[in-house]
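Novice: Chain by chain, the residues:
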Amino acid sequence: MDTVVQSLLNGALMGCVYALITLGLSLIFGVMNVVNFAHGDFVMLSMYFAFFIGSMWGVDAVFTPAITFPLLFIVGVVAYYAIIDGTLRQKYVTQIAVTVGLMTFLRAITQLMWKAQPRALPYSLIQGSIHIAGYNIMLSRLISAVVSILAIGGVSLFLSKTWPGRAIRAASDDLDAASLVGVNYRWTYALAFGLGSALTAIAGGLLMTFQQVDPTMGVRFGLLSWCVLALAGLGSIPGLLISGIIVGAAESLSMALWDPRARSLIVYLIFILVLWVRPRGLFGRK
Amino acid sequence: MKIKATTFNRVLLGVVLAIALVIPLLIRTNQYNLVLVTTVLLYGVLATAWNIIGGMAGQLDLAAFAYLGLGAFTSGTLLIRWNVSPWIGMILGGLVATGFAVLVGFPLFRFKVREVWYALTSSALVEVLKVAFVMWEDVGGPVERYLPYYSFSLYHMRFGTYIPYYYIMLAILVIALLVNYRIGRSKLGFYLRALGEDEDAAEILGVDARACKLKALMIYAFIVGATGAVYACMYGFIHPSFFSGARSTEVAILGIVGGMGITYGPLLAAVILVSAREFLRASLGGQMESLYLVIYSVVLILIALFRPQGIAVFFQDAYRKLLSRVTGDEHVLKANTPGI
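Sequences listed follow chains Y and X, in order.
The first sequence maps to residues 69 to 354 in my numbering.
The second sequence maps to residues 8 to 347 in my numbering.
Derived by calculation from the structure, the hints in this document are not laboratory data.
Predicted model, so just to flag it, every value in this text is computed and none were measured.
The beta carbon of each residue, even a glycine, is placed where N, CA and C say it ideally should be.
Among the clues, some could well be false.
Said to hold, decoys possible - Here are the computed distance ranges between Cβ atoms for each label pair:
| id | chain 1 | residue 1 | chain 2 | residue 2 | range |
| --- | --- | --- | --- | --- | --- |
| 1 | Y | LEU350 | X | LEU161 | 52 to 58 Å |
| 2 | X | ARG288 | Y | ARG329 | 29 to 35 Å |
| 3 | X | PHE286 | Y | ILE200 | 56 to 62 Å |
| 4 | Y | ASN252 | X | GLU144 | 56 to 62 Å |
Just chain Y, same shape as in the assembly:
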């Protein structure tokens, strides 16, 4: 019983980070209906950036998002104007071909620069663990979860209170009507893509406090975030958080109770089942 609660706790904390990653994906997919296969590799890229900055200047991984967030935003905007913009009017398969190309490109370029071996930062300020009622909570995971939730809340505020945020939501609801009231769709799309990519920078910095990174990592985060998105459906930010926690907890439970190798199995099975049984997700509007 103790292991169950313990792994549920760990998984739920991890799930908050998953939710943050998925928020970026859901901005990109929900707003411009672009299928981004490279999203997981943006996570991988930002983890490498965190590693690079952390090891070069001795900055703690938690603080790297201060630099990697704008960096990833620029990468996202450049990626949008360079390749995504040209495929908006194409069939979705062309978009997938392009983002798969981007995925391969990111993976190859990180391999080229940092070689294939896993990289990790030596230590983080937020080390150690705290004990509550006999359960062990890793401080790094707890802080990661809290920061993720704060970031999700921040994005949620940005989307509902500021003009650019409202423009993003308007473009997602009805592009033609939004264009009529003066929303420049290309800027809005670029902003959404940039923001979606930049969110992975926060997640990447947080993940680097307790994980290592290797170039093949993108696949896992890519499918994982699509799974969370399928479970949550489009349009509900709290739903995203709950789904992230469900997926994280399921992953962690299957590792503790069944077999460590089964973690991805459970995630993908949830994914497939959700698509069969409830295609618009648990909390989806569309």
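Fit chain X to the known structure of chain Y by using the hints.
Specialist: Positioned in the frame of chain Y, the structure of chain X alone reads:
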């Protein structure tokens, strides 16, 4: 002298086939090059088979190596355990892959899982199978299982050289192309292309989307599954890493950049891109380990951006010009029909 278009086509096909038949004899001493050309053919087979479900029916299947792995494990296990010939294992492997395709495809199409969600589900399936086979110690497991070695045994489909594998793969490729060609001109083919264009519209016009898509998936799975048996024999072992998501995605990408729904498009893409990739890998190897992938991915992006109809279009133009020159018929230049 004027030549008929059909004669011209036959001559062209004959020349291509003759070149394909002669290649391994020219490079027979270099086993590495033989593996390369066989790999090109392998991707040609996979992408050509993918054309049925992906190119025609518009279902972006990313699970080619799931079916391939199932075929490889079926025939490999039969050979290791019960000494069953891979020639029989090929059929059985194809059937197992087809069975799996029905098992997966039926609910997917029943619940109208489409487009990106279909793509992601199939992609997830590859990973599910990989983990399942790693955990299933009786058949898979984390260690390679080696097929018995023979320097030349037709019964066991085990040869000391790669030349026979090349010809087997070539035969499968010809079969896959013929199947593709036949389907493309049958009622099923027209239904599938209608589905690929616009699924809702096709259904309103009375196309049974579920049945057609399932048929396409089954044919595709059978061809790929049967190829899996040859794949296992060629490499001499079976291992869960056969279930590779990245390689499955590559098959789909070859199908897309080759030209969706064009019979020879995916093969063309496989021949050009896979050989270019392997050439880059071989010539850049060493200190610039992943540079070939950087170049490869940039080329993929450029093709997808600037030639979304696929690279087969270039060859169609060249083919038409050649045809009009040879036959003296100007109309072929303007004809709006797919080539060969």
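Novice: Next, verify each hint and record whether it holds.
Specialist: Tested hints:
no.: 1; hint: Y:LEU350 / X:LEU161: 52 to 58 Å; result: holds (56 Å)
no.: 2; hint: X:ARG288 / Y:ARG329: 29 to 35 Å; result: holds (30 Å)
no.: 3; hint: X:PHE286 / Y:ILE200: 56 to 62 Å; result: holds (59 Å)
no.: 4; hint: Y:ASN252 / X:GLU144: 56 to 62 Å; result: holds (58 Å)
Violated hints: none; the structure is consistent with every hint.
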